[in-house]
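Make a model of the complete structure from these sequences and hints.
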Amino acid sequence: MRTASNTSAWKSAVFSHEGILFLVLVAEWVFFYHFGTTVNRHDVVVGFGTIDRQFDILRHSCEIGLLALALTPIILTAGIDLSVGSLLGLCAILFGMLWHDAGLSIPVAAAGALAVGALGGGLNAVLITWLRLPPLIVTLGTYSLFRGLAEAITRGAVTYTDFPASFLFLGQERWCGLPTQAWIFLAVAVLIGLLVHRTTFGRSFRTIGFSPEGARYAGLPVGRRLALVYLIAGVVSALAGLIYTSRLGQAKADAGTGYELFAITAVVLGGTSIFGGVGSVTGTLLGVAAIAVLKNGLACLPVVMRMNGAEELSGMLTGALLLLALTGSVLPKYLSNWRASHHSARPQPPT
Amino acid sequence: MNRYFRELSVAGALGLLLAMLAVVAPAFYQPQPLLSLATREAPTLVVACGMALVIICRQIDISVGSQFSVCSVGAGLLAAHGWPAGLVLLASVSIGALLGAFNGVLVAGLRLPSIVVTLATLVSLRQGLNLVRQGEFVNLPDGLQWFGLSQTDGQWTLVAFALGLLLVFAVALRYLSAGRFVYAVGTDTEAARLAGINPQRVTFAVFVLMGALTGLAAMMNIIQSPQVQPLSGNGLELKVIAAVVVGGVAISGGRGSVWGMFAGLLLLACVSPTLTHLHIEAYWEKAIQGAIILLAVVADGLRSRKENR
Numbered sequence: 001m002r003t004a005s006n007t008s009a010w011k012s013a014v015f016s017h018e019g020i021l022f023l024v025l026v027a028e029w030v031f032f033y034h035f036g037t038t039v040n041r042h043d044v045v046v047g048f049g050t051i052d053r054q055f056d057i058l059r060h061s062c063e064i065g066l067l068a069l070a071l072t073p074i075i076l077t078a079g080i081d082l083s084v085g086s087l088l089g090l091c092a093i094l095f096g097m098l099w100h101d102a103g104l105s106i107p108v109a110a111a112g113a114l115a116v117g118a119l120g121g122g123l124n125a126v127l128i129t130w131l132r133l134p135p136l137i138v139t140l141g142t143y144s145l146f147r148g149l150a151e152a153i154t155r156g157a158v159t160y161t162d163f164p165a166s167f168l169f170l171g172q173e174r175w176c177g178l179p180t181q182a183w184i185f186l187a188v189a190v191l192i193g194l195l196v197h198r199t200t201f202g203r204s205f206r207t208i209g210f211s212p213e214g215a216r217y218a219g220l221p222v223g224r225r226l227a228l229v230y231l232i233a234g235v236v237s238a239l240a241g242l243i244y245t246s247r248l249g250q251a252k253a254d255a256g257t258g259y260e261l262f263a264i265t266a267v268v269l270g271g272t273s274i275f276g277g278v279g280s281v282t283g284t285l286l287g288v289a290a291i292a293v294l295k296n297g298l299a300c301l302p303v304v305m306r307m308n309g310a311e312e313l314s315g316m317l318t319g320a321l322l323l324l325a326l327t328g329s330v331l332p333k334y335l336s337n338w339r340a341s342h343h344s345a346r347p348q349p350p351t
Numbered sequence: 001m002n003r004y005f006r007e008l009s010v011a012g013a014l015g016l017l018l019a020m021l022a023v024v025a026p027a028f029y030q031p032q033p034l035l036s037l038a039t040r041e042a043p044t045l046v047v048a049c050g051m052a053l054v055i056i057c058r059q060i061d062i063s064v065g066s067q068f069s070v071c072s073v074g075a076g077l078l079a080a081h082g083w084p085a086g087l088v089l090l091a092s093v094s095i096g097a098l099l100g101a102f103n104g105v106l107v108a109g110l111r112l113p114s115i116v117v118t119l120a121t122l123v124s125l126r127q128g129l130n131l132v133r134q135g136e137f138v139n140l141p142d143g144l145q146w147f148g149l150s151q152t153d154g155q156w157t158l159v160a161f162a163l164g165l166l167l168v169f170a171v172a173l174r175y176l177s178a179g180r181f182v183y184a185v186g187t188d189t190e191a192a193r194l195a196g197i198n199p200q201r202v203t204f205a206v207f208v209l210m211g212a213l214t215g216l217a218a219m220m221n222i223i224q225s226p227q228v229q230p231l232s233g234n235g236l237e238l239k240v241i242a243a244v245v246v247g248g249v250a251i252s253g254g255r256g257s258v259w260g261m262f263a264g265l266l267l268l269a270c271v272s273p274t275l276t277h278l279h280i281e282a283y284w285e286k287a288i289q290g291a292i293i294l295l296a297v298v299a300d301g302l303r304s305r306k307e308n309r
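In the order they appear, the protein sequences are chains A and B.
So the first sequence is numbered by this note's numbering: it starts at 1 and just counts up by one.
So the second sequence is numbered by this note's numbering: it starts at 1 and just counts up by one.
Treat the hints with caution; some may be incorrect.
[As the list claims (entries may be wrong)] Derived CB-CB ranges, DEER-like:
# : chain 1 : residue 1 : chain 2 : residue 2 : range
1 : B       : PRO273    : A       : ARG339    : 54 to 60 angstroms
2 : A       : ALA111    : B       : PHE5      : 27 to 33 angstroms
3 : A       : GLU213    : B       : GLU136    : 48 to 54 angstroms
By construction, these hints were calculated from the structure, which means they are not laboratory data.
Since the structure is predicted, the reported quantities are computational estimates derived from the model, not experimental observations.
Built from N, CA and C at the ideal position, the CB exists for glycine as well.
Here it is, written out as structure tokens:
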């Protein structure tokens with residue numbers, strides 16, 4: 001092993017979780033490149049490989065990507081947040097309301113939406129850390145509460161539109177060669193990546209996920225660290241809500257419905273253990289890309305176009321993908337456990 | 001007294017709400033609307049019995065809404081093909097049990113966390129159903145509605161059946177060893193294993209039962225109307241989990257009873273008519289449901305903090 005370290009490093013990079021996922025992503029892209037067709041606005045058939053198509057994929061993956069980035073530290077601590085999609089919707093609605101009904105300027109309304117995101121995340125954080133309630137049931141409650149508030153505020157009917165062009169620039173235009181929101185996505189990715197991988201502060205998330213009791217005995221302020229990850233998730237969800245509003249040019253109560261599934265799938269697909277303690281931000285980014293390419297590519301398959309069900313099919317396949325990724329992640333351990341118990345069941349030779 | 005404190009406090013809250021309704025909106029107490037309300041909630045009660053078991057076993061199943069829709073549409077299609085009502089009922093329960101078994105294999109067999117597994121099946125089943133049916137309604141044959149009984153008789157039968165099932169579950173959980181196994185596994189899996197229980201088998205059985213009850217409830221729902229709506233199960237999981245949690249079944253497993261769940265369900269069932277009678281818009285229902293779930297878990301959290309000191 002010490003000799004030929006070069007090849008073994010190369011090998012371990014390819015056979016790491018991220019390496020395999022990258023190969024899957026490439027295979028997926030090549031598949032859609034080969035079989036997918038798209039019709040542009042001049043009724044000319046163009047391929048999947050156009051630069052516009054890539055930017056489209058990037059644009060559509062920003063919101064789910066942001067939620068997945070927010071969920072990565074949470075899942076590293078062995079927690080879960082089901083409320084991110086609902087909070088996205090609530091923040092989008094409140095942003096529209098602050099701008100349209102209260103007459104605030106766009107930056108102030110955006111700051112208000114981010115503050116609401118922090119409040120929502122803070123509510124989760126307080127209930128989970130101070131009362132030591134399971135994240136699962138707390139965020140299931142807030143999942144219903146946030147979406148319900150969004151529906152109640154809009155009475156299920158009001159949609160805020162007619163945002164100024166300066167705001168739509170964020171979600172529909174390009175800046176320095178990339179879709180504008182991609183820069184925000186990249187910035188958040190770098191920040192969370194640095195936090196999780198390069199600071200002692202962020203590395204404690206994994207310690208907590210691996211063993212909360214151990215982390216407590218090691219002197220880590222477990223409650224405060226946990227509170228922080230849920231707070232970050234709230235703010236990032238609000239940011240995703242702003243980008244969603246800008247991309248579609250409208251804020252409505254059902255914004256981001258079901259996004260939590262896509263985000264959790266991206267995180268788990270990226271190799272972060274749902275039991276906490278193991279995972280990386282790079283993996284999450286690859287997971288987001290794999291899901292975005294799948295979603296976008298399905299819409300260009302002629303078969304799917306004829307069925308008129310790209311949205312449904314991508315949801316269905318994402319669920320299946322999540323189950324496959326989970327099964328794949330536990331199967332080796334399960335098999336070795338089974339083998340061990342099988343061996344120990346045999347009569348041992350006398351010593 | 002102390003042992004049933006949690007159940008009694010929910011029952012007290014329900015009593016207060018009913019008393020308030022008697023003063024503010026006496027129109028609530030008319031036999032026919034009350035019977036309709038009870039009939040509407042009867043399938044929910046059946047699903048909630050299963051969910052109480054799942055949560056006592058320290059698991060959760062958020063895919064019941066999708067299972068409900070799939071069973072409803074499946075049963076509706078079979079009935080439209082001319083299958084007799086009894087066979088349709090059997091098929092609906094079997095479809096549910098199969099879907100539950102799928103969750104059960106992943107949760108009990110591979111020991112995956114039930115929340116993520118059932119989140120995946122929730123979405124896959126719902127989107128799969130949308131893809132295949134494109135939101136189409138199923139028209140049912142005439143004989144199926146109320147199983148051929150008159151409407152009032154049918155309503156009474158459904159309510160009585162649901163209450164009977166509740167009684168069966170209450171007795172089974174309290175006095176049968178199978179029921180005690182569920183509490184044992186939910187309290188401490190390892191201790192249960194050392195006591196000679198197979199926790200994986202119990203968990204699997206609970207998920208299968210959950211699915212079968214969902215199939216039964218779907219059948220109880222479709223016989224109430226001449227058409228099957230493919231989205232009838234949307235949001236059912238939250239309603240049922242809310243009833244169970246509000247009723248004092250601990251989300252950390254091993255504690256609670258179906259009677260508490262029953263009180264919680266009645267409390268939540270009265271929310272929507274209360275909103276109507278107090279002239280509050282129905283759009284608030286989801287938010288109020290979420291707030292009630294949070295209130296219930298906060299109350300539990302505060303109580304356990306006090307006990308730990």
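Output the indices of the hints that this structure fails to meet, ascending.
2
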